[in-house]
Amino acid sequence: MTVLEEGIARPHAAAERASAWSVAHDWVTTVDHKKLGVMYVASALMFFLIAGFEATLIRIQLAVPNNDFLPPDTFNRLFTMHGTTMVFLVGMPMFFGFANYLTPLMIGARDLAFPRMNAFGFWLFLFGGILLYFSFLGGDGLYGAGTAPDVGWFAYAPLTGKAFSRGNSTDYWILGILVSGLGSTGTALNLATTIFTMRCPGMTWSKLPLFVWLMLVDCLLTLVILTPLTAAQVMLLLDRYLGAHFFDTQAGGSAVLWQHFFWFFGHPEVYVLIMPAFAIMNEIVPVFSRNPLFGYPFMVGATVLIGFISLSVWAHHMFVVGLSPAANTFFALSTMAIAVPTGIKIFNWLGTMWGGKIRFTVPMLWCTGFLFSFVIAGLTGVMLAVVPWDWQLSDSYFVVAHFHFVLIGGLLFTLFAAIYYWFPKVTGKMMDERLGKLHFWVFAAGFYLTFVPMHFPGLLGMPRRIYTYEAGRGWDELNLISSLGVAVQLVGLSFFLWNLVRSLLRGEPAGDDPWDAWTLEWSTTSPPPEYNFEQIPVVHSRRPLWDLKHPEDPDWRYE
Amino acid sequence: MLSAVAACASGIGRAIAADAPVDAIPTMFEPVSTPAESIRSLSFLVMGISGGIFVVVTAVLFYCVWRFRARPGDDREPPQVYGSNQIEWSWTIVPILIVLVLFLATARTINELQASEVPPEALRVTIVGHQWWWEIRYPDLGVVTANELHLPASRPGERRPTYLHLESADVIHSFWIPQLSGKTDVVPNRRNLMWVEPHTTGTFLGQCAEYCGTQHAKMLLRAIVHEPGEFDAWVAAQKQPATVVDAVADGRAIFQSTACINCHTVEGTNANGRFGPDLTHLMSRTTIGSGAASNTPENLRAWIASPDHFKPGALMPAMQLADNDLDKLTAWLLTLQ
Chain A
1 MTVLEEGIAR PHAAAERASA WSVAHDWVTT VDHKKLGVMY VASALMFFLI
51 AGFEATLIRI QLAVPNNDFL PPDTFNRLFT MHGTTMVFLV GMPMFFGFAN
101 YLTPLMIGAR DLAFPRMNAF GFWLFLFGGI LLYFSFLGGD GLYGAGTAPD
151 VGWFAYAPLT GKAFSRGNST DYWILGILVS GLGSTGTALN LATTIFTMRC
201 PGMTWSKLPL FVWLMLVDCL LTLVILTPLT AAQVMLLLDR YLGAHFFDTQ
251 AGGSAVLWQH FFWFFGHPEV YVLIMPAFAI MNEIVPVFSR NPLFGYPFMV
301 GATVLIGFIS LSVWAHHMFV VGLSPAANTF FALSTMAIAV PTGIKIFNWL
351 GTMWGGKIRF TVPMLWCTGF LFSFVIAGLT GVMLAVVPWD WQLSDSYFVV
401 AHFHFVLIGG LLFTLFAAIY YWFPKVTGKM MDERLGKLHF WVFAAGFYLT
451 FVPMHFPGLL GMPRRIYTYE AGRGWDELNL ISSLGVAVQL VGLSFFLWNL
501 VRSLLRGEPA GDDPWDAWTL EWSTTSPPPE YNFEQIPVVH SRRPLWDLKH
551 PEDPDWRYE
Chain B
1 MLSAVAACAS GIGRAIAADA PVDAIPTMFE PVSTPAESIR SLSFLVMGIS
51 GGIFVVVTAV LFYCVWRFRA RPGDDREPPQ VYGSNQIEWS WTIVPILIVL
101 VLFLATARTI NELQASEVPP EALRVTIVGH QWWWEIRYPD LGVVTANELH
151 LPASRPGERR PTYLHLESAD VIHSFWIPQL SGKTDVVPNR RNLMWVEPHT
201 TGTFLGQCAE YCGTQHAKML LRAIVHEPGE FDAWVAAQKQ PATVVDAVAD
251 GRAIFQSTAC INCHTVEGTN ANGRFGPDLT HLMSRTTIGS GAASNTPENL
301 RAWIASPDHF KPGALMPAMQ LADNDLDKLT AWLLTLQ
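As given, the protein sequences belong to chains A and B, one line each in that order.
Using the working numbering, you'd call the opening residue of the first sequence number 1 and step up by one each time.
Using the working numbering, you'd call the opening residue of the second sequence number 1 and step up by one each time.
To be clear, the hints were calculated from the coordinates, so they are not data collected in a lab.
DMTMM-like mimics (lysine to aspartate or glutamate), calculated; alpha carbons at most 25 Å apart, straight line:
#1 A/K207 <-> B/E77
#2 A/K345 <-> B/E77
#3 B/K239 <-> B/E158
#4 A/K357 <-> B/E77
#5 A/K437 <-> B/D74
#6 A/K162 <-> B/D308
#7 A/K357 <-> B/D75
#8 A/K162 <-> B/E167
#9 B/K328 <-> B/E298
#10 A/K549 <-> B/E77
#11 A/K437 <-> A/D513
#12 A/K549 <-> B/D74
#13 A/K429 <-> B/D75
#14 A/K437 <-> B/D75
#15 A/K549 <-> B/D75
#16 A/K357 <-> A/D513
#17 B/K328 <-> B/D250
#18 A/K357 <-> B/D74
Let the sequences and hints guide you as you build the complete structure.
The following block contains the structure:
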């Protein structure tokens with residue numbers, strides 16, 4: 001106990017005003033996991049605004065039938081860039097940002113195992129993203145054909161072949177993602193190594209915060225799946241420039257092979273994106289329910305199980321390509337099976353809330369919103385696993401609604417929760433509760449307005465990725481409501497941006513532990529010093545700060 | 001519960017499109033063919049089960065939110081509960097049982113619907129996806145058409161299912177007419193098989209469901225289901241070569257002497273291109289440009305002058321004909337009944 005108390009002794013504040021140049025130099029050359037974490041999240045927010053702008057243009061175009069607000073090629077570029085950006089330049093860096101910032105603090109370490117590689121990974125990601133966006137300027141190449149990529153974020157062959165995609169737009173897609181993917185591979189390796197080797201004394205596997213468990217599984221999953229994608233992208237480059245015929249159907253290549261490669265990456269990738277949401281839930285729900293997380297060993301088991309099963313579900317994206325009945329049956333089973341550990345997670349969060357005294361602060365509001373959205377997302381996911389029904393639903397707007405429930409109602413809601421929750425730790429200032437609540441209610445209303453009606457055009461036969469549609473098919477009103485919902489979301493988002501700026505400039509001082517929380521990051525100062533802890537702490541339970549605050553009734557008696 | 005929601009959605013759509021023809025809405029909830037009917041039944045089972053789960057889980061969520069909210073002024077920590085193995089196992093095993101039910105229903109329907117062999121009484125059709133239109137060939141009947149699939153209705157005494165071989169000339173497309181069946185991808189260098197067995201006559205809409213480039217949105221499909229006798233009459237008419245009308249011989253000459261013949265076929269002329277749709281019986285179709293516009297004389301003329309007007313990015317070039325020639329060409333095309 002004494003060791004821990006010494007560990008949280010305050011480091012001295014060194015608050016001298018530095019010049020802009022030295023501040024910039026400091027951020028660009030830093031290898032500090034906290035600064036890199038903040039830069040990851042800030043870059044991801046920037047790309048999020050860009051992708052949101054693209055989505056807004058898409059929804060304006062689809063608001064009414066036979067609209068000519070956007071030409072078809074522009075529309076196709078926008079949905080390609082929106083999808084690619086959200087997955088690779090928002091979801092992934094958000095994951096690495098929070099993992100970077102919080103993992104060492106939660107396991108009582110001073111930094112990641114390889115700080116320089118960490119910085120290298122971040123800059124690869126950032127410049128990979130910039131390379132992708134440079135396509136708007138450079139994609140014309142010498143051919144005058146195409147600017148930004150327009151092959152969809154899944155880049156199905158043979159649409160990506162030279163015959164159908166002239167110019168360099170597809171090359172920007174390949175290279176931008178390949179470069180940022182290399183960064184992700186390095187960072188995943190780095191984080192996993194850190195978690196394996198740098199946990200503080202006493203932090204056994206059964207005392208590891210669940211956030212860190214999730215990040216470990218997530219990193220290992222990233223390592224397994226990103227490499228096949230990178231390989232497939234190299235094969236595609238060979239096809240395009242050196243006359244290989246992996247995916248070139250005109251010369252005997254296989255279009256289905258690309259889909260196997262892509263979805264072997266692409267489906268586990270969805271779990272890579274959603275696991276940070278689970279991780280955030282695991283931290284925030286207990287703290288504001290004032291209960292320890294219900295069923296810790298089952299949560300760990302469910303996480304590891306999801307990690308494994310997610311590697312064997314990829315062909316549920318391919319139920320309509322004409323696989324054999326045996327293959328379709330297998331992938332239906334594996335896909336439905338993954339609902340079981342996912343359900344266990346939801347039940348355990350409800351179990352955590354049960355019997356607690358729930359404080360509905362802004363982070364907890366977002367987490368509650370997550371639970372509601374994610375139940376819907378999970379159930380529509382099971383519907384998509386029912387193969388014959390998927391033959392109707394696949395590639396329809398139903399799927400679009402489903403995965404936006406996963407990634408907005410699921411992931412983004414918890415990312416907002418995480419920003420409100422850890423902002424005080426990162427900046428030493430609180431975010432405004434009133435603006436935060438406005439942000440939550442308005443944005444959530446906009447989200448449901450946009451994405452609940454979006455399920456139905458899919459059931460009524462509306463395919464995805466069409467730039468316009470005929471009037472009178474029963475899709476008109478539903479699409480208009482969806483588009484209006486975007487306007488509401490934008491209002492909600494503006495409350496968030498205003499809150500962010502305002503709180504950065506003049507937020508209330510936060511103190512070390514504003515939420516009365518239990519994990520190690522709250523034992524150091526806000527913001528933490530570069531070395532995180534003066535002394536490496538020693539822990540005896542999953543909630544070291546609970547033990548500290550309740551010496552009469554510590555957790556280690558029950559674990 | 002969710003099935004009611006779905007039926008509602010269908011109803012909303014129908015109310016919105018009250019003035020359009022009955023089959024304007026390609027909804028999977030109003031199937032007219034065997035595979036689509038089985039899929040709807042399965043979907044009702046799944047919606048029922050998921051609806052039940054949704055109600056139970058969200059009820060627990062709302063109960064927690066209301067019952068366990070912190071009361072103002074109460075700062076004491078609640079009794080700490082770490083978990084319970086009995087509860088964990090029960091909410092593991094119950095979902096496993098539900099998954100098992102869903103899986104068995106799914107596996108059964110997969111085996112019932114997924115085609116492997118073509119029965120001898122079946123009508124065979126080859127569908128070739130192109131950027132951005134559908135080539136439709138009846139190999140046993142010697143009929144070639146485009147974008148509008150004509151089918152016989154199947155009657156209890158006289159079953160006439162139709163088996164579709166799906167091929168692609170370029171990239172991946174997906175063949176989808178929701179009221180007939182689910183979709184099946186049309187993959188280059190691969191031959192997929194699907195089947196339909198419609199019981200109701202009428203026109204049913206669909207479109208390409210896999211992103212295939214610029215004009216993916218305007219790659220529409222329609223299926224026209226006939227009474228069996230009516231279908232045979234349609235086949236007989238389609239097997240005729242193009243009509244010859246002397247009054248429009250100029251138009252025919254223009255067609256035969258320009259680039260039109262590189263891409264289009266008209267039986268009975270020197271035009272035998274296969275890059276674009278067969279025009280032998282162009283006027284028997286209700287739309288042009290794969291559903292981009294209805295097949296009226298004005299639209300046809302405007303299409304030849306500039307396909308981009310209806311379908312920006314369409315692979316047919318603007319033909320750059322003088323107004324006079326355009327009139328003559330259109331007049332000839334209008335005779336291709």
